[in-house]
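Q: Take the given structure of chain C and dock chain V to it, following the hints.
If you want the building blocks of each chain, they are given just below.
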Amino acid sequence: MAKVLIVDDEPHLRLLYETELRRAGFETMTASNAAQGLEFVDTMHPDLVVLDIRMAGMDGIEALQRILERNNSIPVVLNTAFSSYRDNYLTWAADAYVTKSSDVTELLSTVKNLLDERLAHRN
Amino acid sequence: MAGDNLDPAREALIAEGFRGSRQPMILVDVDGHVAAASAGVAELAGVSREVITGSACADWFLPEGAVGQCTLLGGCQGGLRRQAQLRNVNGELIPVEIVCSSFHAEPLPGTGAGAAPDDDVRRHCFFHVEDIRRREHDDQVRAARQAKLPLLNQVSEALYGAHLTLDQLQQAILICVTAGQGLRFNRAFLLLVDDAGTILRGELAIGPSNHEEAARIWHDLADRPADLFEMMTSYDQSIKNTNAAVNEIVRKMVVSLDRTDHILVRAMHERRVARVTGDMTFPGADELRGWLGGGQFAVAPLTIRSGPVGVIVADNAISGQEISDLDLEFLQMFANQSAAAVENSRLYRELEKRLVDLRRAHHQQKEDQQTLLRMERLSVMGETSAIVAHELRNPLVGIGGFARTLMRNLDETDPNHRFAAIISEEVARMEEIIHDLLDFIRPRKMLRQETVIDVLVNETAERFRGELEGAGVQLTIEPGCGELALECHPGEVQQVLQNYLMNALQAQALGGQVIVRTSALEGGLKVEVLDSGPGFADADGKRLFSPFFSTKPTGSGLGLTICAQIIKAHGGVTGAANRPEGGATFWFILPLPRS
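If you read the sequences in order, they're chains C and V.
The first sequence begins at 3 in our numbering and counts up by one.
The second sequence begins at 87 in our numbering and counts up by one.
For reference, chain C alone in the conformation it holds in the complex (with noise of 0.2 Å):
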């Protein structure tokens, strides 16, 4: 089963995002902010990070950038209300950008479509 890591610092929403996201049948963890996501990346090797971008202390997108230096083949989706990040280009780094929504369907789909073409990759 694939492990997906939610860092969020919205404490619903994380449960929100691990309740979908088991339901649909991932094993998940989640970190509420961006050096505690970086330790269970090293740590707990996740198979893909929703990451939010706008968190106190180090934000989304520094968070990428450590992330891919350990390790570049790690999928990221990038979670965020603000759809302005899609114009900074440090966030192209990321394998999607999905904008918050109620309707988590989109994430969902974005998540499992990932993890799809990298098993595939694999095999």
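It should be emphasised that the hints constitute simulated quantities derived from the structure, not laboratory data.
Each hint should be verified, as a subset may be incorrect.
List time: in silico DMTMM-like cross-link candidates among lysine to aspartate or glutamate, alpha-carbon distance up to 25 Å [as the list claims (entries may be wrong)]:
id : chain 1 : residue 1 : chain 2 : residue 2
1  : V       : Lys452    : V       : Glu462
2  : V       : Lys654    : C       : Asp97
3  : V       : Lys654    : C       : Asp118
4  : V       : Lys439    : V       : Glu453
5  : C       : Lys114    : V       : Glu517
Predicted model, so just to flag it, every value in this text is computed and none were measured.
A: Okay, now just chain V, sitting in the frame of chain C:
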């Protein structure tokens, strides 16, 4: 000789003293005869001193006894002053003033011939004779000047005090030159230097064209009050219809300032009033007589501090009256006043114009400032609402997300299922509003423009030529798209090509070859950068465009990722391959708009 108490030696001395004196003086003896006469008296009488000396005073002075009487009667205490007349050699009577002073004869030292003064009350007397013709003339002139001074004062007030337009001012000047209460010229012409400073041009004239008109005007104006303000307004009405002829003349009066010897130009530059009589000849005189009709005329320069601005020409063409020195003097005084007033009016007008401009600019600035403030306020409001809207997204995701979860967990028959559905629908509506508000603007897309790709590629590659050739890399450009153009962000596409070229350069640091090639495809166009370097390991091929992948020790690994994202944003694709003949090819394909 009884009563003769002046010794001859003294008389001779006095005669010697009188000989060369320009002062008109006589010494009269006790018998009323001239004992000595000065050269001044002789000149006044028109004869030599010898003729007068010894003659009876009564031969020369009227009325009888005016001179010498005191001598005959004695008792003169001196200081007497009386009006009399001197009959000169031609029989003309010259008005003179006589001042008598008693002559006390002290005996000359060493002669011892003197008698005691109180022996005889009769004495020699001195008479000082003054020709008062000149004084009368001077008095007349003084009186005339005094009479004109209030007028000049009025003129000055009128010209400075009233806010006249330049046209009104010019007219007022000419009215003053011609008015009976003014300078009394028959006609006046005003000529001003044009704005370019090259020509003296007739502007305005005032005056009757013949005797009948003149008589009518002068009659009309005889009863008018002397107040200049009223005069200027009433005069204006009265002469309005009679200026046709003089204005016809003034329009012909055009003199180039190059003609420095022309009487008008000369008067202006010498800053001196000039009177020109009919018989004088000099440059420009005939021309002026042609305009004015041949009589005497006066020219007065209008001068201000910075130089001459024009002239007033005035004459008495109708009455034929001589132009006197006094007339000239007043014309010049008046011209000076007028010039200053004209300049004043010009400056005032200029100032007014600037003031209007300044007010307009000020007003505009105020408006701009308000607009700016409004825009700033709007912009701040816009930014604030954008932030608020973004921040609202997170709680909405929570609310709506869990409502959906709830909905799914509840049985459809459960009324709470419907309530959860309502929450999730309402949240979706709010998210829709935020999406419409924030997510529709794509600034990067707005920067796209129609670009001829070969031009862009050529420019970019040429910019790199120096750097490539410096490293021993030969650059060849093979454009193949002609005039093909597409909508793109030229700066971004350029960035991609630069990145490819930089990679090609770094891949063959010891020299080699780079080809930049463009070609048209069906529905798109391809840009390739081919190098003759070592190529890349086949295993790296798929990861070349991945983030943070780099085969270079110092690379960030983002270069090619950004390239890929840019091309993707344009709807295109990127790729790389090893060339069979050695080296690598990096390419991108951009779609052409469907026609």
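Q: Confirm or reject each hint.
A: Hint check results:
no.	hint	result
1	V:Lys452 to V:Glu462	holds (15 Å)
2	V:Lys654 to C:Asp97	holds (13 Å)
3	V:Lys654 to C:Asp118	holds (21 Å)
4	V:Lys439 to V:Glu453	holds (21 Å)
5	C:Lys114 to V:Glu517	holds (24 Å)
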